[in-house]
Structures are given as C-alpha cells and as structure tokens.
Amino acid sequence: MNTAVLRTEARLLAREPGSLFWILAFPPLLLAILGAVPAFREHQDGLGGLRIVDTYVPVTVLVGMIVAGVQSMPVGLTGYREQGILRRMSTTPVRPSALLSAQMLVHALAALLSALLALTVGRLVYDVRLPGQPYGYLLALVLAVLVALALGSVISAVSGTVKIAGAVGTAVFFPMLFCAGVWLPVQAMPDLMADIVGFTPFGAAAQALNAATAGDWPGWSHLAVMAVWTVALSTAAARWFRWE
Amino acid sequence: MSVIEVTDLRKSYGGRAVVDGVSFCVEEGEIFGILGPNGAGKTTTVECVEGLRVPDAGRVRVTGLDPVADHDRVSHVLGAQLQEGRLQEKLTVREALQLYASFYPDPADWRPLAERLGLAERLGTRFGKLSGGQKQRLFIALALVGNPRIVVLDELTTGLDPRARRDTWQLIEDIRANGVTVLLVTHFMEEAQRLCDRIAVIDKGRVAALDTPAGLIRRSARATVITFTPSEPLDESEIGALPALASVEHKDGRITLAGSDETVNAVITLLARRRITAHQLRVSDATLDDAFLDLTDTTVTDPSMTESTP
Numbered sequence: 001m002n003t004a005v006l007r008t009e010a011r012l013l014a015r016e017p018g019s020l021f022w023i024l025a026f027p028p029l030l031l032a033i034l035g036a037v038p039a040f041r042e043h044q045d046g047l048g049g050l051r052i053v054d055t056y057v058p059v060t061v062l063v064g065m066i067v068a069g070v071q072s073m074p075v076g077l078t079g080y081r082e083q084g085i086l087r088r089m090s091t092t093p094v095r096p097s098a099l100l101s102a103q104m105l106v107h108a109l110a111a112l113l114s115a116l117l118a119l120t121v122g123r124l125v126y127d128v129r130l131p132g133q134p135y136g137y138l139l140a141l142v143l144a145v146l147v148a149l150a151l152g153s154v155i156s157a158v159s160g161t162v163k164i165a166g167a168v169g170t171a172v173f174f175p176m177l178f179c180a181g182v183w184l185p186v187q188a189m190p191d192l193m194a195d196i197v198g199f200t201p202f203g204a205a206a207q208a209l210n211a212a213t214a215g216d217w218p219g220w221s222h223l224a225v226m227a228v229w230t231v232a233l234s235t236a237a238a239r240w241f242r243w244e
Numbered sequence: 001m002s003v004i005e006v007t008d009l010r011k012s013y014g015g016r017a018v019v020d021g022v023s024f025c026v027e028e029g030e031i032f033g034i035l036g037p038n039g040a041g042k043t044t045t046v047e048c049v050e051g052l053r054v055p056d057a058g059r060v061r062v063t064g065l066d067p068v069a070d071h072d073r074v075s076h077v078l079g080a081q082l083q084e085g086r087l088q089e090k091l092t093v094r095e096a097l098q099l100y101a102s103f104y105p106d107p108a109d110w111r112p113l114a115e116r117l118g119l120a121e122r123l124g125t126r127f128g129k130l131s132g133g134q135k136q137r138l139f140i141a142l143a144l145v146g147n148p149r150i151v152v153l154d155e156l157t158t159g160l161d162p163r164a165r166r167d168t169w170q171l172i173e174d175i176r177a178n179g180v181t182v183l184l185v186t187h188f189m190e191e192a193q194r195l196c197d198r199i200a201v202i203d204k205g206r207v208a209a210l211d212t213p214a215g216l217i218r219r220s221a222r223a224t225v226i227t228f229t230p231s232e233p234l235d236e237s238e239i240g241a242l243p244a245l246a247s248v249e250h251k252d253g254r255i256t257l258a259g260s261d262e263t264v265n266a267v268i269t270l271l272a273r274r275r276i277t278a279h280q281l282r283v284s285d286a287t288l289d290d291a292f293l294d295l296t297d298t299t300v301t302d303p304s305m306t307e308s309t310p
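In order, the protein sequences belong to chains R and B. Each residue of the first sequence is one higher than the one before, starting from 1 at the first, in this note's numbering. Each residue of the second sequence is one higher than the one before, starting from 1 at the first, in this note's numbering.
Mixed in with the good hints, there may be bad ones.
[What the hints assert, rightly or not] Only pairs whose alpha carbons sit at most 25 Å apart, straight line, appear in this in silico BS3-like list of lysine-lysine:
#, chain 1, residue 1, chain 2, residue 2
1, B, K129, B, K90
2, B, K90, R, K163
3, B, K90, B, K135
4, B, K129, R, K163
Keep in mind the hints are simulated off the structure, nothing from the lab. Just so you know, these numbers come straight off a predicted model, no measurement behind them.
For reference, chain R alone in the conformation it holds in the complex (with noise of 0.2 Å):
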C-alpha cells in the first residue's frame, strides 16, 4: 500500500458527485423517506414486534455497501487498464497493484462511512435502537464489505471495457439489492424465501446484521457463507483480471 496513490484515489473519489451521492447520501436518503410514512413507524407483530423502518436500517447499510463494490469501483478499475493508467504505473518503482488496493480501500472506507450515516440517521431521526451486539455487527459490516469489494473485483475482471463494466454492474446490482432486502426485508420473506436468499452474499449479510441489532450473535453460518463468497470471488478475482 503506498500511501500518496491512496490519498490521491480519495481526492479522486470526493471529485466524483455521482459516486459520492449514491454511496454516501442515497442509503440514507431512502431511509429518511421510507420512515416519513406514518404506517412505516407503526409496531408491526409479523414483524415480531419491529417497525418496517426498523427494518430497513440494515437494508439500507447494505445498499451503500452494494453502491459501492458493485456499480463504482468496477467501472473505476476498469477505467484504468482500459486507459493504459495501469501501464503507465507499470514503468514506475511503484507496481500497479498498489492503484488496484487504494482503489479497493476508498471504496470500503466510504461503503463504512455510508452505514455509519444510515445508523446515525435511523437512531436520530426515527429511533431506531443501535445494534445490541456491537462486535457481531462490526464483524459482519467488514465481512460485508469484504464480499462486496470481491465481487466488484470479479466485475472488473471479467469486463474489458467501462462500458461492460457498467453494464455487468447494473445487471448484478438489482439481484444483489433484492438479496439484501430492499424491496422486502428478509423478516417478512417467507421463510423459504428467507432460506435461500441466506445463501447469497448480501442475504447472509442482511441475517447477520439483523441479528447483531437484535442483540444476538450472527448465526455462523450465514458469516461463513459471506467468508466463503469472499474467498471464493477474490480468487476469481485473482485469476481473471488482467493487467492490460
């Protein structure tokens, strides 16, 4: 990791307004609309006693996370070994790679910062209560993150250009988001449903993190499952991705 290719991939991030909206306000956003519908803030027993905007918090976590590995770091990487960026580091003391983490960093630090935003807006403005096992949230948050940065890496891997990039990244974007809940929350999908959606990513993901708010530790197995997906992506990842 070199640190002057980090601080300038995170100058480069807060240039980009449409990359900066979706991460960072656009989770919050959905939220604050969501929980301005009276009926949304209104105790709800199918939901085992929650509020629908109580649910959404965690949803709303995972859609920055989804933002940012998969719509805008994949056309970023993309973008730089299509416009020879990569080569051009290559003639430097300083290897490529080191373009390719700062990318991946920024990306995580700002998917982190968009979940702190989506908690801060919950508790404030609806109080939501903060997650009762704050580790087992911490540890599925990284987790998260970690798949979300995999997966986004395989994108860029698999798309020659920015234009592929963009377009396998909108393709994997509204499966990813329906995992983590954003048109049903996992609590209210039939436990079928609710079963198979825990064995993608960002269904693992939304379980773990309800759990962790519940006060419980996340089930281990929807933590392996996320673990699995990341190791299983960055080696896909790791094996595709050319440099030029």
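Take the given structure of chain R and dock chain B to it, following the hints.
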C-alpha cells in the same frame, strides 16, 4: 559504455513475429532513434526494454539489468513516456507531478520541470481539460521526474503543433546535455535527423539499417538531388545514360534527378557539351526521408511517413 543492450530480440503475437531478431546497443549520453513505419515493431521493442513485455527470445539489458527479472531496479533508472497513455481525468497537473515524484527516492524538483515544459500556468488544471500538447508535455515531465539515467520517449511529438514540436526537441537536447541517455521512437524523419546521434531503422520486425543520420543518407542510392530548368529540351536517352542515376522526374519543364556526386558531374558535363543553360540549378543532399524510403519497403503507404518532408 552501453546502457541498453538488445540482442536478437524476438516477440510474436498469435503466431505473427512482430519483433524478429532485433539487436542494437545504446551508448551512455547519446540520443538513439528507432525509426520505422507503423507496425514495424518499434513500440514492442521499447516495451521489452521498459520491462512491460516479456521477450519470447533474445536478451535485453538496461544498465546491465534484466528489465523483467530486475524490474524494480530498472524502474529507478529508466523513465518512460508511453504511446497513447492517459491519466485519471480529474487529477490535476500538480497532483500528478507530486504523486509520480513521490514514487522515487531522489526525484527531480517538479516545479522547474513544469516551468521548462510550459506547464507552470496549468498546475491546477485537471488532466481531462488539457490540450493534446499539454498532455504530451506532462507525460514527458512524468518520465523525467524520477531523475532517470535513461528516458524512453515513444512517439512523443505526435499530435503536437510545429511550434510545440520544436520546443520539445530543444527540451530533449537539454535533457541529453544533462547526461541523460535518450531512446526516441519516432516516425518523423525531420525529428530523427535533427535529434539523433544514431538511428536504427526497423522494418518488419528487423533492423534494416543502423547508422548516423548522415551515414544513412550516404548509403542511400538517392544521396544527391539535382533540379534545374533546361533552356532547351534534353534528350531522354542521354539523361537515362547518366551514371548512378536513381530516378528522373519532369514537372512543368523542370527536371529533378536523384543519384550521387558522380551524377552531378555528369549532368554538368552533358549540359556544357550541349550548350544548354540550366536555370535555377539546385544541388541538394537527399533527406533522411529519401534514405528511409530507400531502406524500407515502400509498398507500405503511410501518409505520416512523408508529411515531415521539408
């Protein structure tokens, strides 16, 4: 001392030999040109020198080091400007210079470098907003910012206007005056003739000739060009019989002959014998352009090869 040694370099893509046995040595402190038509293998050759490509066969040494196996050490002594390179669109000139300077243990001060390259007014401008010439100058600055012993410049004046091109040539001469060895890839004859101490002409993946610019011209069958307007028509067969004649052209009553010094003497003798006056007689050395066309396969038609003819 040779700072770059390339011996019998070979590289194929998909079964097609792009570089097919290229050898040359670059001496410390010289400006060495690699000249050739598009697709001749120039860029692939220098990419092997830069360590960006692994040769199929042959040996490349940069200050005695293998650019692939010893990539890290080579990257400290060799600065590169790549063909068609780009930077992050929203990175400013100042940030790019600072960033690349930070990669090297003993970088050049980037401020005077930017000044000399005419980028001082553009330090706050983002890469995406620079003109083509400004981008090229920034790439030259990035190639030099690490204080390299060797700098490789690939097609650096392509896309520059004539003024900017001349400024860049002056800069390359300044770089060499500071003791830096320059490996220059170009298809501009005027550039090669003006700057290079020695030139390797590469055609179809091989070195077609390697000499000084003057040496290459002397080798050409068309080393001397004679033009004049005769006061009376000349007999075609007598012109055709001139010694060492390479070509004849007639245009608006003006005759252009290409050949050697021997041809010049014979023309003057012929005119005197026939009592013909040669109006506006001009005898000139052929340009590198003529020599180049002579040395490479002229069936390759590339307009850029002739556009720099003065």
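Structure-based check of each hint:
no. : hint               : in the structure
1   : B:K129 with B:K90  : holds (9 Å)
2   : B:K90 with R:K163  : holds (19 Å)
3   : B:K90 with B:K135  : holds (13 Å)
4   : B:K129 with R:K163 : holds (22 Å)
The earlier numbered hints are all upheld by this structure, with none contradicted.
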